[in-house]
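Chains H and L, in that order, are what the protein sequence lines are. Count the first sequence with this note's numbering and you get residues 21 to 337, in order. Count the second sequence with this note's numbering and you get residues 871 to 1167, in order.
Worth flagging that the hints you see were computed from the coordinates, not collected in a lab. No experiment lies behind these values; they were computed from the predicted model shown. There could be a bad hint or two in this list.
Under the rule of at most 25 Å between Cα atoms (straight-line distance), these lysine-lysine pairs were calculated in the BS3-like manner [as the list claims (entries may be wrong)]:
1) H:K185 / L:K1125
2) H:K299 / H:K274
3) L:K1025 / H:K330
If you want a taste of the chain L side facing chain H, the calculated C-beta under 8 Å gives, among others [as the list claims (entries may be wrong)]:
4) S1008
5) A1037
6) M1039
7) V1043
8) S1045
9) L1046
10) M1049
11) S1050
12) F1054
13) G1098
14) A1100
15) Q1118
Heads up, the beta-carbon is just placed ideally off N, CA and C, and yes, glycines get one too.
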Amino acid sequence: MQILEFEKPIVHLREKINELKNISINGEIDLSDEIKTLEERLEKLEDDVYTHLEPWDRVQVARHQERPTTLDYIHHLIEDFIEFHGDRYFSDDEAIVAGVGSFHGQPVTIIGHQRGKKTKENIRRNFGMPHPEGYRKAMRHMKLAEKFNRPIITFIDTKGAEPGKAAEERGQSEAIAYNLKEMAGLTVPIISIVIGEGGSGGALALGVGNHVHMLENSTYSVISPEGAAALLWKDAALAQQAAETMRITSYDLKDLGVIDKIIEEPRGGAHRDVEKQAKYIEDTIQSSLDELKALSKDELVENRWDKFSKIGDIREV
Amino acid sequence: MLKKIFNRNNNNTVIPDEQSKKEIPEGLMTKCDKCGNIAYRKELINNEYVCLNCDHHMPLDAWTRIGTLFDEGSFEEWDTHIRTNNPLGFPEYLEKLEKDSKKTGLTEAVVTGKGTIQGNETAFAVMDAGFRMGSMGSVVGEKITRAIERARELKIPFIIFTASGGARMQEGVLSLMQMSKTSFAIKRFSDAGGLMISVMTHPTTGGVTASFASLGDYNFAEPEALIGFAGRRIIEQTTREKLPDDFQTAEFLLKHGQLDKIIHRHDMADVLAKVLRLHAPVSAPEKKEAVKGGQTV
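Model the full assembly from the supplied sequences, consistent with the hints where possible.
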């Protein structure tokens, strides 16, 4: 598994312990006291490191190559999932997965960005960066969810919408803008969860939910830390600083009034225990659904408007 | 002839300074940044800042734009009292806003209000690229949202002139969220039957293009305006694609079906007035009486 920079002291200590254990097993010397001391130290070190992650550390966790994706969570949370393809205009964009399935017996529409974990799959899925047809596929399924009156669950996990010639030619701006406008008016509950990186308009185009939640170590931002550093200080190497200044962690977004709930992650990040992470997400979705179930169609739209129309930080003079 | 005067370096001629070469001039003369033609400012004003030689549409500040479109004395400005709180505590951000405010005479990068175009009443928002590159933060999003909401309540159309570098970095994710806020307001306005016209002017990019700028019932643009989602340099760096010269121009968008029409600045008021007239509210026919026994009673 990919080891992140801030985890190295932990890994180092763990290796030390294993070494001592091996020596003990070979029966040469009894080191159980030493091992016990080191294990206690490891426990404390892990607590220390993982409970005090800096914004840049969280960026690394959010980008971890083993971090669970939309399809991983669908696998754990949704029964009878059927994926549907294509926007019916141009092509099938594999950077977005869309389909229907059953969540605790309730039919739901699930839509999410999909990146790959290995290079080959990443290329097929364009690193989770959708083209316009991806957003149009997503909207088609959101409209179907409305027609058949079932809730929508979206998983946000993208560096951003594809920047490229083809995307511009086919109306990337229009595709995103249209989703923002149409998601706003849907008369079914929408629950959006940022599970990895939430990059700019390409993320938001699946994110106009009644409830918007974030996994603890995910990020949500107007621009990547590297992009911000290049733009603001003309130096992409200052990304680490930009990750702090731009306030992109789940705790920042909660504080800024953008998201509803931070979903806890297993120690070290979602990739350490996918099953546990899926359970945390499952509980959050269920409580969101319970809450939103009580609202009429009009109230659902009004509830969403209340949320989004208040976002911003202004004063009147 | 003008060139001759200039070349002679006549003492009566004011040579445009560096700034006026790029922007709307402070001095007497202005140089076209496309063809280099130098014209008297007065001549340019009379020509709505369209180059007399090459027809290049120079950037307009918000109030000049409003002056070229609206009937004299018909304009009412809205929400001049909203300011940002600097949510990220961004160093020097408020000072920069203050500086641009002094430079442009505006309180933010958009002017909103209502007025009449050839007698047709409409609400509108005009962005100004001279204020923080026309970028969208909380205040720009809020002012546009309020203008759309007001247009909905007043049952009048809404026209927006965009000119923006996109989301304002100094307000981070709150800038991003203005995209959904404004788009939401457009949804409510549209559902209520409101007419929205978007006119994209140079430059319209990023989060502004990917929200309200693209959400008009009709999307227009000025000739040669730069309109795009991702920056040209970013696309070249990430994809190493060779991009055509006209990439992300209004003409490029029109060709690819992303625009309804390109409108010359001299025709703008006429076309907008015509669209407004053609969408004037028509009262629906009276509901027929209930049908009994196959016959209308």
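Taking the hints in turn, this is what the structure says about them:
1. H:K185 / L:K1125: Roughly 14 Å between the alpha carbons, so the hint for K185 of chain H and K1125 of chain L holds.
2. H:K299 / H:K274: Holds, because 21 Å separates the two Cα atoms, which is no more than 25 Å.
3. L:K1025 / H:K330: 23 Å, holds
4. S1008: This hint holds: S1008 of chain L lies near chain H, its Cβ roughly 3 Å from the closest one there, short of 8 Å.
5. A1037: 5 Å, holds
6. M1039: Since the shortest Cβ distance to chain H is 6 Å, the answer is holds.
7. V1043: It holds, given that the least Cβ distance between V1043 of chain L and chain H is near 6 Å, below 8 Å.
8. S1045: Result: holds, 5 Å to nearest chain H Cβ.
9. L1046: Interface hint status for L1046 of chain L: holds (4 Å vs cutoff 8 Å).
10. M1049: With Cβ-Cβ at 6 Å, under 8 Å, it holds.
11. S1050: Since the shortest Cβ distance to chain H is 5 Å, the answer is holds.
12. F1054: Cβ of F1054 of chain L sits 4 Å from chain H, so the hint holds.
13. G1098: OK, holds: G1098 of chain L within 8 Å of chain H, min 6 Å.
14. A1100: This interface hint holds because 3 Å falls under the 8 Å limit.
15. Q1118: Since the shortest Cβ distance to chain H is 6 Å, the answer is holds.
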